[in-house]
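**Q** The lines below spell out each chain.
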Amino acid sequence: MPFAAADTLLILPELFLTAAGLVLLLAATAAGREKERTIALAAVGSLVVTGVLLAVSASTAKALPQAAFGGMFVLDRFGLYFKGLMLLAAAVTILFSLRFVGASPYPSGEYYGLILFSTVGMLFMASGTHLASIVVALELMALSQYVLAGYFKRETKSLEAAAKYFVLGAFSSGVLLYGISLVYGATGTLSLAGIAKALGASAPTPLLVVGIILVASGMFFKIASAPFHVWAPDVYEGAPTPISAFFAVGPKLAAYSIFARIFFVGFGPRAHEWTAIVAASAALTMVVGNVGALQQTNVKRLLGYSSIGHAGYALLGLLAYGDGTGIGLWSILVYLLAYAFMNLGAFGLVILLEAKGYAGESVDDFNGLSKRNPWAAAAMLVFLLSLAGIPPTAGFVGKYLLFSAAMKAGWFWLSLLAVLMSAVSLFYYFRIARAMYLVDGEGELYWREEPAVTAAIAICAAGTLAMGVLPGPFVAFAKSCLLP
Amino acid sequence: MNGLLSLLIFLPVAGTLAVFLVPREKPGVIRWLTTLVTGVEFLLSIPLWTFSGFRASGGFFFRETHDWIPSLGAKYALGVDGIAALLILLTTLLSFISVYSSFTAVTKREKEYYAFLLLLETGMVGVFCALDFFLFYVFWEVMLVPMYFLIGVWGGPRKLYAAIKFFLYTLAGSVVMLLAIIALYFFNTSGFLWWKGLGNAPTFDIVHFQTIASQIPPDLQVWLFWAFFLGFAIKVPMFPFHTWLPDAHVEAPTAGSVILAGVLLKMGTYGFLRFSLPICPTASRTGWVQLTVVVLAIIGIVYGSMVAMVQKDMKKLVAYSSVAHLGFVMVGLFALNNAGIQGGILQSINHGLSTGGLFLLVGIVYERTHTRMIIDYGGLSGVMPIYAMLFMVILLASIGLPLLNGFVGEFTILTGAFLANWRWAAWASLGVILGAAYMLWLYQRVFFGEMTNEKNKGLQDVNLREILTLAPLIVACFWIGLYPKPFFEMTAKSAEKIVLAVSAPPASESAPRYAAGVPAPPPPAPAAALAEAK
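Protein sequence lines correspond, in order, to chains B and Z.
Quick note on numbering: my numbering labels position 257 of the first sequence as 257, and the sequence is numbered without any gaps.
Quick note on numbering: my numbering labels position 383 of the second sequence as 383, and the sequence is numbered without any gaps.
None of these hints come from the bench; they were simulated from the model.
Each hint should be verified, as a subset may be incorrect.
[What the hints assert, rightly or not] If you only want the chain B side, here are some residues facing chain Z, beta carbon under 10 Å, derived:
1. 37
2. 102
3. 105
4. 381
5. 389
6. 390
7. 401
8. 472
[Unchecked claim] Below, simulated DSBU-like cross-link-like pairs (lysine-lysine); rule was C-alpha separation at most 30 Å, straight line:
9. 165(Z) / 371(B)
10. 108(Z) / 455(Z)
11. 108(Z) / 479(B)
12. 165(Z) / 312(Z)
13. 111(Z) / 371(B)
14. 312(Z) / 108(Z)
15. 165(Z) / 108(Z)
16. 197(B) / 35(B)
17. 312(Z) / 455(Z)
18. 108(Z) / 371(B)
19. 371(B) / 26(Z)
20. 165(Z) / 111(Z)
21. 197(B) / 62(B)
22. 153(B) / 164(B)
23. 485(Z) / 497(Z)
[Claimed, not checked] Some chain B residues flagged as far from chain Z (calculated, every beta-carbon gap over 10 Å):
24. 16
25. 36
26. 44
27. 180
28. 376
29. 392
30. 404
31. 423
32. 427
33. 442
34. 451
Ideal Cβ placement from N, Cα and C applies to all residues, glycine included.
The shape of chain B in the complex, shown without the other chains (with noise of 0.2 Å):
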């Protein structure tokens, strides 16, 4: 393979941030517990950096997008829009985790190391041009992350999480390694441009279309679609909140850049086969997700469910391939943005209230937060409007602009069932609505002050609300970041 030392120059950020991964690790080992607040400030620290330098290797580069290391990676738009978002996740994550592991019985050591690893994973997944680095890359998010699901190592939920997680995720990823192998059998090749080239000059054999089948089983694994959703609610429920908060979007955010990336560019040729497959995934999941929600009385479990429905709109720009607008790709992206600020802020709320056991995690633990604390309650609010797809709100544009996608693509059905499930969705949203406005709270409140998270819930529902009401920018900056 020719290596060309100017490529490592592209992978700086990431080579950074493993660099500070392992420091902190280290530097944890031998720092005790209450030094761990710093730890975590220098993690944060060390994404913003890997952000600056991101920005700095985007605008060095001679020409976007700029592959490296033989086809194997790329530093395009697209990634870099995918590797912002993650690192505003995995930044928000560790605020998220200051106090709520510093209170823990368990040193956070490894913790933030990890989290940082696992960041390092997602940002070359969305940089993947080549199945061999794309699994690496996502092995090494996926391991990061089955250890922290069971990082509260004598609970029980989480340690049933981590199990889980560990035994589906595994099953997965040998389900699309098959997969990779049969594609690569029937191509010759496992660098995206070529399985596209293989693609558009043969008829597709049976031996394709299974090894096409498992890899989007293997994908619809990770962003927890069904009939392969069944570990979210589960996992969503047992790890700690900061966790669930990180895993309902850093891998679903990398899940779907490798998603995008694999079956436009890859299997871009063969669309018409695989379109039918991703519909029926996205109407099953659509009805599982959200049906599932309204039995919910956990709310990491609904949250749970309802990030199940909305993997189900996310793949309704999947469906809008080749059209030639590039809307279902771009539509995506708005979504995801979307989709980010609102989830995080939702499960910040969430961990607000945690200050006690499990308190916070029950819809009735929300009873009367309206009065209890206005502006927490109002912050909930955007975000369960936004969930819902309510104007003005991020959720609105996004969802808006997944179901025109779909219905652009011809696939009128499917965005009739979406515009219907998300008037479903409305309902279990708001039974937290209804708990924080319409229920008098009684007992005790528990809450927790910390303003690290409150400036990160503060950030996400000024995103919500700003990307709701002047939705312009957003979406012109996210209709420059398509794949080609």
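Starting from the known structure of chain B, arrange chain Z on it as the hints suggest.
**A** Just chain Z now, with coordinates in the frame of chain B:
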């Protein structure tokens, strides 16, 4: 008067922020501040009444256009014609009255209450001003949130159920309408499903869609029509989509019921006038489509009236009477002639005034006795003579007694319906008779006869504030009843434009009117129905 509409939309938002700055312990300040904001808002909307342009042309005035989401073609575009102007005046008047009527009715969490009322006003005015579909949809949905909380926090015993039912029903309708908007958007540009697009620049401009209406193929129009229909019919509400209304109206606080009946239902009829008829003209005049809508409307009239007759709860009775009255409005609109449409618009206003008044009146006595059951009353005219008189006037307005507003509206609608199909008029007139029956029976049971309930002996008659809240409504009822000409003049030109849009072209229908690039010949003015109702 550039920027007037923006001012009308955002003044209540500013009011909301101001209310949030007032400490919770000073409810008096909050009340008067909100009254001031809504009062100023009403005064600011008066130029819409005095502006002469609406009487000369059916176009849009007070227009404002700014880029909003350039990559989608969505604009911040505002503008009103005579119809929208009248509805905005109704909105600002009823908002002011609802705020002023809530002083003693609402005693908990005043700060949020008035903030939500102001936000609601923003949404309502915005819906009537928007000339961009995207913007329209945003306002249309925004309005649901404050209404949900008004019902849910300050409502009656079944408020939680009523609030979410209201929200879900309306949302289900509006998301289907959103699909129609998306389909229209793509048809205008690059096509949608199996319909070839027109290739225009992407836009959400409502006026533009009205001008390309003749190029939309009839089969697509039918789909669009029913998608819009679902959104608007739930809002109106038409039978069989009306079931949210009794719950929402009964459980809502008085001000909420006034706004719901007075303004929110009018958004449905406004939607039909602004979108369904002008954008899907061929579908609207298609025999079976028109007939379906009219039959549903007539079922609404008869069914609503009969259900109203057997209600034990005064508020519920008024709620079901709304179903009947709005059925009347819909018959007028779908007569598709000038008299019917003008009558429908005027009757929308009338319904807002009289039903708003009835809800206020029920609220007044409910505040004193905390019961709305008809059986708990009787002989009230003895202890509350002024109240009885005010109730009588509004009730007669609602029934449609000549010299009061209801008569003018109903008569005009019946004229229009008769011109379209005499059977429709015959069925619809059943509603007039039934309306008189349930309303007068209500009056008889509440105000006449022996005072059977001891508790009612000491009831206070209405006070000055309550009279003042009702006075504008009564003045307006008499005004429209005695001299409706200025009101008809406000809407005449716009109604003419709508009738022109939905009239069949002179050439045979078989000619493909939507052939790309060939502008449809301008249809002639429908001679028969033009001069009616003036």
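**Q** All the hints need checking, so say for each whether the structure fits it.
**A** Outcome of the hint check:
Look at residue 37(B): its Cβ only gets to about 34 Å from chain Z, farther than 10 Å, so that hint breaks. Because the beta carbon of residue 102(B) sits about 34 Å from the nearest beta carbon in chain Z, more than 10 Å, this interface hint is broken. Annotation: residue 105(B) was flagged as interfacial toward chain Z, and the flag is violated, the nearest CB pair being 40 Å apart, outside 10 Å. Restraint check, residue 381(B) versus chain Z: the minimum CB separation of about 8 Å is within 10 Å; hint holds.
At its closest, the beta carbon of residue 389(B) sits 8 Å from a beta carbon of chain Z; the interface hint therefore holds under the 10 Å criterion. Checking residue 390(B) against chain Z by beta carbon gives a least distance of about 5 Å; that is within 10 Å, so the hint holds. Taking 10 Å as the C-beta contact cut-off toward chain Z, the hint placing residue 401(B) at the interface holds, the least distance being around 8 Å. Here the hint on residue 472(B) is kept, as its CB sits about 5 Å from the closest CB of chain Z, short of 10 Å.
At roughly 24 Å between alpha-carbon atoms, residue 165(Z) and residue 371(B) fall within 30 Å of each other, so this suggested pair holds. Between residue 108(Z) and residue 455(Z) the CA atoms are separated by roughly 25 Å; this keeps the pair inside 30 Å, and the hint holds. Annotation: proposed proximity of residue 108(Z) to residue 479(B) is violated, straight-line Cα distance about 48 Å (limit 30 Å). A C-alpha spacing of about 22 Å is found between residue 165(Z) and residue 312(Z), which places the hinted pair at or below 30 Å, so the restraint holds.
Between residue 111(Z) and residue 371(B) the alpha-carbon distance is near 11 Å, which keeps this suggested pair within the 30 Å criterion. Of the supplied pair hints, the one linking residue 312(Z) and residue 108(Z) holds, its CA atoms being roughly 28 Å apart against a limit of 30 Å. With a C-alpha separation of about 23 Å, the suggested pairing of residue 165(Z) with residue 108(Z) holds against the 30 Å cut-off. Of the pairs offered as hints, the one joining residue 197(B) and residue 35(B) is violated, with about 54 Å between alpha carbons and a cut-off of 30 Å exceeded.
With a CA separation close to 19 Å, the supplied pair residue 312(Z) and residue 455(Z) stays within the 30 Å bound. For a cut-off of 30 Å, the pair hint linking residue 108(Z) to residue 371(B) stands: about 12 Å separates their Cα positions. The hinted pair formed by residue 371(B) and residue 26(Z) meets the criterion: a straight-line CA distance of about 16 Å does not exceed 30 Å. Under the criterion of a C-alpha separation no larger than 30 Å, the hint pairing residue 165(Z) with residue 111(Z) is consistent with the structure, at around 25 Å.
Among the hinted pairs, residue 197(B) with residue 62(B) is consistent with the structure: their alpha-carbon atoms are about 26 Å apart, no more than 30 Å. Between residue 153(B) and residue 164(B) the alpha-carbon distance is near 14 Å, which keeps this suggested pair within the 30 Å criterion. Between residue 485(Z) and residue 497(Z) the alpha-carbon distance is near 19 Å, which keeps this suggested pair within the 30 Å criterion. No Cβ of chain Z comes within 10 Å of the Cβ of residue 16(B); the nearest lies about 34 Å off, and the non-interface call holds.
Look at residue 36(B): its CB is around 38 Å from the nearest CB on chain Z, clear of 10 Å, so calling it non-interface holds up. Even its closest Cβ contact with chain Z, about 32 Å, leaves residue 44(B) beyond 10 Å, as expected for a residue assigned away from the interface. At the 10 Å boundary, the C-beta of residue 180(B) stays outside the reach of chain Z, the nearest C-beta of that chain being 35 Å off. For residue 376(B), the requirement that its beta carbon stay farther than 10 Å from each beta carbon of chain Z is met, with the minimum near 15 Å.
At roughly 5 Å, the least C-beta separation between residue 392(B) and chain Z is not larger than 10 Å, which violates its mark as non-interface. Residue-level check failed: residue 404(B) sits 5 Å from the nearest beta carbon of chain Z, not beyond 10 Å. Not every CB of chain Z lies more than 10 Å from the CB of residue 423(B), the least distance being 5 Å, so the non-interface label is violated. Distance check on residue 427(B): its Cβ comes as close as 6 Å (rounded) to a Cβ of chain Z, failing to clear the 10 Å threshold; non-interface status is violated.
Every Cβ of chain Z is farther than 10 Å from the Cβ of residue 442(B); the closest lies at roughly 17 Å, confirming the non-interface assignment. Annotated as non-interface, residue 451(B) keeps its C-beta farther than 10 Å from every C-beta of chain Z; the closest such distance is 22 Å.
Hint compliance for this structure: hints 1, 2, 3, 11, 16, 29, 30, 31 and 32 are broken, all remaining hints hold.
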